[in-house]
Amino acid sequence: MADISIRNVAKSYGKDSIMQGVNLEIRNREFVVILGPSGCGKSTLLRMIAGLEAITAGEIAIAGQVVNDLEPRQRGCAMVFQNYALYPHMTVAENIGYALKVAGVGRAERRAAVERVAQSVGLNEFLDRRPGQLSGGQRQRVAMARAIIREPRVFLFDEPLSNLDAKLRVQMRHEIRRIHNRIEATSVFVTHDQHEGMTLADRLVVMNKGTIEQVGTPEEIYDHPASVYVGGFIGSPAMNFLPGQVSAARAAVVLGDGQVLDLPRDVATAADGQLVQVGLRPEQLTIVAPGTAELQARVDFVEELGSGRLYHLLVEDLPLTVLSPDKHALRDGDAVGVTVRPDALHLFGAESGRRIDARGARVAAPQVVPA
Amino acid sequence: MRRAYFKANWIAALLVAPQLLIIFVFFYWPASQALYWSLTLEQPWGGGNTWVGFENFRTLLSDAYYWNSVRVSFVFAIASTALAMSMALVLALFADRQLRGYKFFRVGMIWPYAIAAPAVGLAFRFVFNPHAGILSYINEVLPGFWDPTVNGTQAVIMVVVAGAWKSIAYNFIFFLAALQSIPRSLIEASAMDGAGPMRRMRDLQLPLIAPTFFFILVINITDSFTDSFGIVDVLTGGGPARATDLLVYKIYADGFRGFDYSGAAAQSVILMVLVMALTFVQFRYIERRVHYT
Ligand SMILES: Nc1ncnc2c1ncn2[C@@H]1O[C@H](COP(=O)(O)OP(=O)(O)OP(=O)(O)O)[C@@H](O)[C@H]1O
Ligand SMILES: [Mg+2]
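Protein chains in written order, with the numbering used here: chain H, 1 to 371; chain A, 1 to 293.
Okay, chain A solo, but in the shape it has when bound (with noise of 0.2 Å):
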């Protein structure tokens, strides 16, 4: 690879100092905040704060429907990126038989995707309305078979499945254009070899695209940690009976319902924790195994 280099160093820090500023302004203060509050037991009505170590770490471990939360929130990760990623690739599988100009779809797919998450909420709270929804005719019939308000486990799939159609789109659009830039001599090389649609899917496909595969693996579990909290504020408010209290959620509701502004700092700091654990074990462990050469 060529270098770039400028003469002067103060042209490079004029042209990364904006992103730095951003980044600075957006994450390191907020993040060394929290850290700092998350140490410190801070009065809600103001009047200082007072250092207690890992205290609110302690409470926080105990503390039973934190550990509810924690479960939830894998379930949910795990759920809605399992649901979201099959159904894109399954579609992009489709799409990439017969498609040519895929090009045009990527703007209209994409669409979702930047619908802000409390929209894709509301939107779902009338998909899945246990009396004016798409389920409310087999309630018709069964009465009181759909209704995630008191049904804990309709809840969380109420949840998945609205999370998981938010990034279906997305994780399409770049499934499709993986499966669009393998060579379509490789493809007709197997076909003389022998290997029907469905082997051509599983030998060449799969494996030639799990580059992209595990980005948007990664990108899936990062968003369905961080990225939820306006689906659940929406559409369930944590409930029933905290069986949709993702962490995210559980830290907004703690902090700044429960004016617990230590707990929830504490929480933040885990969850920032946790998804950059998880992201760098994906990186060391996943992407050493799907690229070639």
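Okay, chain H solo, but in the shape it has when bound (with noise of 0.2 Å):
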């Protein structure tokens, strides 16, 4: 059991605020993977958890038990570092082997468990070489088997695989997935790469500024992001977004140039009069010929993407991106037709950039934790 609660925790260095109330509920045996761009605090927030920074203000506790005031050792938590932090004057098997031998686990052991661990990553060639005679993929390895042959309950995971290269990536991750499973740890996983997070996840956490802006599955963040900037961060290529306000008398949002998107009537109720930002996924719209949409638009310029192509287009001056399978023969300049789906309408407020559902309120909000 370790389960990881993060209960209203915030972070300053001196008068820098950099993490403000943050509040998250990690199960035992999950997969969560936290997701935010540069300088948002993700690393920062594993950190605390490993025992590695200080907490400001506000308690993390790891099965039940508050570790704010305990040293890194005394956590049971590993960690795989973004530079790997292998040792640099010991061998792949001392580095591997490094925490039993500090746990006081004899020679014997100790080499029969980094041989079993070795072996679970490829690395059995590998043990008498030093971490500086080591490939890029081979070190991360080296680092996520000083890991695992710990045996910890909570995996810790920053960045681990920033440094490699597509294909390397792709199968350290089922790599990370696996062990994750067999070893049944609770994991925390830090990344800037959407992808990776979505693939990984059982739930998302992304991060803005030093707080949490949506909490959820891959699906319920990809189908309902809570804010303009979720909506915007996840998804690729990105979310359009066009401003309009709500008419529930003609149960539709009216864009700037007055062109009009339907709406179910009981959101067009609820958010009747506001200014709102029209969120619309590229790869959910369709192109069709012009007159016979919704939305009427123009051709930009059109990139080719060998699968289907992503046509830049522009509604009065706005760009607006549409990603299609259909290789439609349009020339820059040409006018089309786009239809959207009721189901892929985002609505978010035009100033507090929340999301606006049938209640006209905000869904999916970050969980709160009863103090």
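Don't read these hints as lab results, they were simulated from the structure. Note that CB positions come from ideal geometry on N, CA and C, so glycine has one too. Hints are supplied without guarantee of correctness; some may be wrong.
To be verified - Cut-off 20 Å, straight-line C-alpha distance, at most; resulting in silico cross-link-like pairs (EDC-like, lysine to aspartate or glutamate):
id, chain 1, residue 1, chain 2, residue 2
1, H, 167, H, 193
2, H, 327, H, 357
3, H, 209, H, 343
4, H, 101, A, 203
5, H, 101, A, 188
6, H, 327, H, 304
To be verified - For the chain A half of the interface with chain H, some residues (derived, Cβ under 8 Å), not all of them:
id, residue
7, 185
8, 191
9, 192
10, 193
Two independent chains are provided; combine them into the complex using the hints.
Spelled out as structure tokens, the structure:
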């Protein structure tokens, strides 16, 4: 059992407050991915769980025990560092076995454990080498092995794959997920690669400037982004945003240039008169003949992707991208129509940036843990 | 490595010339003179010298006083190096645990190294004075307990402490810089692996600063053979009863007080060879073991 509770945690360096009121419940054996842009505090949060960074306010509990004042070694976490942090003067075997050596495990038993773990990450041939004699991918596996060998309750990963090439990255991603399942640990994985986050996570945590924007399964976050920020951050190519105003009378949102997109009546009623941002995902839009769809646009330019095309359109002067497997014969400046599936229309308050649903309220806001 | 090269050789020659000149004037020329004198018998009041071959060396090596000096020099070198390095290392390890802005200390702590040896000697003459220094209080309770002017062992201790003090700060700065250059994530990784501060020191910090340790070792040993004249001269004058008669001091005493130029020249040749041999051995056998990859 190793669930992790993060309650009202804040962090500041001197006067600089870099994290405020973070709440997060991580369940036992869950794989949680923390996603966010550079500098948003992902590493800091992870390091506070590990015990490498003091917690300025709030508390963190692992398996029910508050760990604020515990040393890293008392917390039962293993960590894979972004730069691997291998001991340069030790061989691969010594690196992997170091935790056991410190714990006083005997030489023979240690050797056996090292070999078993090295086997599982494919490092057997390299046991007598120094880290300096390994490739990036091999080093990364040593770092993994060093964490695995302790059979930790909690696995912490700080962007462990960011230095690898695309192919190795996918391989290691699968390997990490497999290891997580096998040793039945709770994993917290930090990345700024949304693809990595989406594919690995049981639940995603999207962070922005030291706060949590949204917590949910990858699907929830993709389908119901809680804010303009999350909508724009998750999904590639990025979500389109068009400003408009809700009209209950017309059961629609009226865009700046007077074009109208239908809304479910209850949503329109709840948000009548509000200024909004309409979020539209490029892959959920379809290009049709001009005049036959609700949205009219012009072609700005087209990008060839091989598997399909990315159409850069203009609605009045605002950019709108459409991703489609269909290869329309369009030239720059052509007029087109764009159909919008009703369930693909995301509505956010222009001022608040928060999602507006049928009740005109926020949905899927960050979980709040009762104190 | 990229090699820079100059189109015209004379530019290169011009650039190295000043250094060559300095090295020549202050090393090769006096060294060759010393070598020449050591093979001749020099008249103290002038009047030419006669070639005697290795006679000076033979005399020296059969001189019990000389062997005493060799022994004292080694004791001094080992003791003062050990003291200076261990103190500096302990201080640096403590400082490293707390410190981020060590650059400030670097300036403050380098000063002792810049103080001339005789000044250090003078300072310690007061510190260790049996009548007025810090240990004079013990002498009030136990009369005669501390008196390096009589007790040879105490005189050696005094010289060792003064010699070590001079290099502690220098060593400290190098050790601290080396410790600070160990990536923080390595220390963190070992903390995650369960190692406490002492364990981290032993398994990580000490092995990782080994190259610096070696460098400091060479410098300290060399220094203690060649740069201890001022301390001895001011503190003990080689006494009592030749207890602190270090090789460098003896060269001076024999040459300029005893007017045995040839004997002194032979001694300096031996000292020079000794220091070179020590440095060579250290580079050859120790350095090899402290670099990774
Ligand atoms: N020791 C420190 N002193 C002051 N500010 C710090 C310190 N360490 C981190 N910060 C600040 O805290 C913020 C969060 O840093 P953190 O390392 O957690 O970002 P991150 O989300 O992991 O970014 P990245 O994806 O680039 O690794 C940054 O704005 C950073 O400048
Ligand atoms: Mg980071």
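ask   = So which hints don't hold here, by number, going up?
value = Of the numbered hints given earlier, those the structure breaks are 2, 3, listed in rising order.
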